[in-house]
Structure formats: C-alpha cells, structure tokens
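*Asks:* Below are the chains, spelled out letter by letter.
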Amino acid sequence: MPTFDPSTASAAEIAGAVRNGNVLAIDVVEAALAAIRMHDPVLNAFTAVTTERAQATAAALDGRRARGGELGPLAGVPFAVKNLFDVAGLPTLAGSKINREHPPAVRDATLIERLEAAGAVLVGALNMGEYAYDFTGENVHDGPSRNPHDKSRMTGGSSGGSASAVGGRLVPLSLGSDTNGSIRVPSSLCGIFGLKPTYGRLSRARTFPFVASLDHLGPFARSVGDLALAYDAMQGHDPDDPVCVERPIEPVLPRLDDGIEELRIAVAGGYFRKGAAPEALLAVERVAAALKVEREIEIPEAARARAAAYVITATEGAALHLDRLRTRAGDFDPAVRDRLIAGAMVPATLVNKAQKFRRWYRERMLELFTQVDVILAPATPCCAPLIGQQTFVLDGVELPVRANLGIYTQPISFIGLPVVAVPVPLKPLPIGVQIIAAPWREELALKVARSLERAGIVAAPAPAQ
Amino acid sequence: MGTQGDPFDAFIDAAAHALELPLDPAWRPAVKANLLVTLRQAALVSEFALPDDAEPAPVFQA
Chain A
1 MPTFDPSTAS
11 AAEIAGAVRN
21 GNVLAIDVVE
31 AALAAIRMHD
41 PVLNAFTAVT
51 TERAQATAAA
61 LDGRRARGGE
71 LGPLAGVPFA
81 VKNLFDVAGL
91 PTLAGSKINR
101 EHPPAVRDAT
111 LIERLEAAGA
121 VLVGALNMGE
131 YAYDFTGENV
141 HDGPSRNPHD
151 KSRMTGGSSG
161 GSASAVGGRL
171 VPLSLGSDTN
181 GSIRVPSSLC
191 GIFGLKPTYG
201 RLSRARTFPF
211 VASLDHLGPF
221 ARSVGDLALA
231 YDAMQGHDPD
241 DPVCVERPIE
251 PVLPRLDDGI
261 EELRIAVAGG
271 YFRKGAAPEA
281 LLAVERVAAA
291 LKVEREIEIP
301 EAARARAAAY
311 VITATEGAAL
321 HLDRLRTRAG
331 DFDPAVRDRL
341 IAGAMVPATL
351 VNKAQKFRRW
361 YRERMLELFT
371 QVDVILAPAT
381 PCCAPLIGQQ
391 TFVLDGVELP
401 VRANLGIYTQ
411 PISFIGLPVV
421 AVPVPLKPLP
431 IGVQIIAAPW
441 REELALKVAR
451 SLERAGIVAA
461 PAPAQ
Chain B
1001 MGTQGDPFDA
1011 FIDAAAHALE
1021 LPLDPAWRPA
1031 VKANLLVTLR
1041 QAALVSEFAL
1051 PDDAEPAPVF
1061 QA
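Chain order of the listed sequences is A and B.
Note that the numbering used here gives residue 196 to position 196 of the first sequence, counting from 1, and the numbers run on in steps of one.
Converting from the second sequence to the numbering used here requires adding 1000 to each position, the first position being numbered 1.
Read the hints as simulated data drawn from the structure, not as lab findings.
Backbone N, C-alpha and C define an ideal beta-carbon position, used for all residues, glycine too.
Certain hints may be false.
[Claimed, not checked] If you want a taste of the chain B side facing chain A, the calculated C-beta under 8 Å gives, among others: (1) A1015; (2) H1017; (3) E1020; (4) L1035; (5) A1042; (6) F1048; (7) P1056.
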C-alpha cells in the first residue's frame, strides 16, 4: 500500500486517499510525526507533539473504515494548532511562561472538535508570540519559530509556529488566531495561504483570548482548496462563544471554481502604498495584472483605523492581563510586559473615542463595498526580516519591526472584514497579498484566491533544504 | 507643569501607584516609550471630529 508523503500531498488528496482506502490514516500520521522529528528541531514550530493521541485517532479512523463506516472530508489529515487553543491534557500556554502552571485543559477548543469530527488528526500545539501581542514569531521562552524559506529569518507572528509548520511541510493544515494580523502576517512571510474570516464567523470557544473585540481564529494551508475544506468544516454557531453568530453554514468548497468575471475588484491605494517595499508593491501588481484590475480606491482614514486598533489592543490587552502584571510582571516577555503596562495607563476617554471612530469607519467601509466586491492590498510591507532584527525602514523612516509588520493588516481586521492572504512566490523570499471582501463574503475572497492559484500567480513555494 | 522632571514620568509613577502595578525603574524607559507611542496613536484618532451622537462600535444589548 503506497504511503502518502504529507510534505507534498494536500489535505484534500490525503483525505481522498484515506477515504478510498488507498492509504491508512495511521501511515499518514506516522509520516507527519517523522517529518516533525526531522525538521522541527530547526524550525521550532511545535511546543508539544501529541503522538499517542494522534496515533489513537488515526487508528480509530482506520478501524471505522475497515468496519464499513464513512469517513469525513478531512479523513486522516494531520493538523496542529497555535498553543492558545485548548488541547485536552495540555496546559494552554498562549506563548507564555505564566500559563505553564495552569492545569491541563479538560476539553478541546471547538474548532479542534469540529476538524476532528471531519476526520482530521491533531498532532500537536504550535509556538507563538507571548499572549499573541506580537508580529515577529519570536518567543523568549520557547525560542523563535523559524522561516522555512530562510532559517535565519522571522516567521512573522503571532501565529509563527502555525505558518512555519505548514510552510515547512510538517503538516498540510494548521490553525491560528488573528487580532491585528497574526494569521496574515506569518502567511505572508512564510509563503502560504491564510484565511481570517469575518469577526464572529468561527467559534473562539476554549481558546486563550487577547483582545476580545478583535480576536478571530482561522486556518493556514498550502492551497486555497485546503483552506476552504477546513473552513467549511469549522463553520457553524457555537453557544460557547457569545460572539459567534447564528448564521447558517455557508459552504464555500462547492462554489470555489465559480467564475469571478462579474466581480468588481480594486487595489487599495494611498495608505496601502505608503511605506511598502518594492517587493510588496510588485506582489500586488502581479495579482492585479492577473485579474486585469486597473481600478484603485482609497480606503478612508486607514491610518486612523490602524491607530484606533492600536489603542484598543493596548488597553483591552492590558485589562486582560492586569492581575498578572500586578503579581507576575517579571515572568512576562519584557517586550510584551512593557507594552501592556503602558496600555494599562491609557485614559479610558481615548479608548471610547477609538470605539466611536470604529463605528464611523465601519460605515464608510460598508459604503465602499457597495462600489466594489473585493479589495487588494499588501499583507506585509516587506518580506521576512531577520530574526532579532529590531527596526526596519519604511518610506524613509526607521520603525520598530515588532509593532509595524501589521500596518496593512490592522485597518482591515479592525472592523472584522474577511481576508484571504495569498502567497506570491517571489525570489528569494515570498510575500503575501490580502484579498479583502465585505463582511460574511468569505467566498468571494476565496474564489479570487482560487482563480489566482489556477493561473499560477500565487502558490506556496517549497521550503529551502 | 513644574520644572522638575518630565511630567510623563510623574504620570507613569502615579498611574502605576493607582493601578497597584509594580514598576521596576529599569522598565520605565520602555514603558514610557510605549505609552508615548500609544498616546500619539490615540491623538490621531481623537483629532478626528465625530458628532456628539456617534455610537461606539460595541453596543450593549439587554
């Protein structure tokens, strides 16, 4: 019986082969575990490998098939999750030292349950920036996750391990969180696809929060089809997350190859060109040219939207961690601690103004979406910086890397818009483009991404050897 | 504003005291730098005129 190599097979191919009996789920999972053993000592994507659990889950799938049972659409697909997801039996680290003392979680996060209900097999938990307040993928407690295309470079963060594990071909699918860009930034730097759905679309139940009014969860994959496959399996209301909406499940996969000729697509100008390195602009140009897009639009007050997101993040994050800052300040990553302490000191009047601006901005963006269906923008201002690099120059100004890798993602997640980050395989390093749609129109962004993938414009490049 | 020291240093000390936050003197420069960045961002938002009846984004539902 041939064994699939998860380093090359897509999630859809794996699931098809397992469902048809062409490969055993246990063989797929053992191959993934072997890839993790071989490559993770360098990539540092994983903080826990759930070997026994994965073997037991895979064996149960194989047993069900042997008894004539039906397997789900993700049968035998190995996946891993950012370590802010509850995994039964593990403490939920959220990238911190402090949470290591927490008791093990007693139940998996909802999205893990839904992926496993569809046949996927959890193989571990993934490295991340402390408490998700990070765009670099560096972690002082666990070490940095490393970029699979150049091990001396950042993955981006905060879902750094999630991007490294998929880009490095350890697993075909992972989950992460995105508050200000933490799915889209590492997708861009690691050259993979990432989906940040509409705020409230996917359940966040039993995950460690950061900024409740901005937190989203979503998948990473090496193809658009795999993103859609995972997304469809995870949709649906969940009473355990008060933000998760009561909308019917809207499957994308069956419509993924529908035409996009009727879509009105535009490139975001102004703020989204300012500060971008040539490679970021080149990536957007390639995508726009492939889609025959010449129209440029201005997202109103994007700089202020980013500023308001910055303020809300600093203050809501500080509120979340205030007690820990009082009692365990010395156990934080200093870079995170100092930002959170500062956030605790910001007057509430300024936060309230940011929340009022947020509604104004949302209304302007909804007006914009009466004129266009999809907006294109860079995902990051540049390709992956070096690990440890503190500053970079954007538009002639030297700025801290940690706070500024997300300048193009923050104005978008600020009002919860759905985005697919697509990788443009430039040399020597890939870089991502955001495909942005109106709220609840994930399928439009995914269809545009699929069209670009079929045209060969976007693709997840093979990692460096 | 007096002539003794930076008022932001005094603000940080007072805020840390009010919030019962321990503040190692070695952390102060980074805390201050972060606070100033955040206040600059907040000022960018605050200077944008909105009507008195503008509602904040989160709306409580009873």
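*Asks:* Are the hints correct? Go through all of them and say.
*Replies:* Consistency of the hints with the structure:
1. Hint status for B/A1015 relative to chain A: holds, with the closest Cβ pair at about 4 Å, below 8 Å.
2. Against a cut-off of 8 Å between C-beta atoms, the interface hint on B/H1017 is violated, since the closest Cβ of chain A lies about 11 Å away.
3. The interface hint given for B/E1020 is met, as the beta carbon of that residue sits about 6 Å from the closest beta carbon of chain A, less than 8 Å.
4. For B/L1035, the interface hint holds, the least distance from its beta-carbon to any beta-carbon of chain A being 4 Å, beneath 8 Å.
5. Look at B/A1042: its Cβ gets to within about 4 Å of chain A, closer than 8 Å, so that hint holds up.
6. The criterion of a C-beta within 8 Å of any C-beta in chain A is met by B/F1048, whose closest approach is roughly 6 Å, and the hint holds.
7. Hint status for B/P1056 relative to chain A: holds, with the closest Cβ pair at about 4 Å, below 8 Å.
Consistency with the previously given hints fails for number 2 only.
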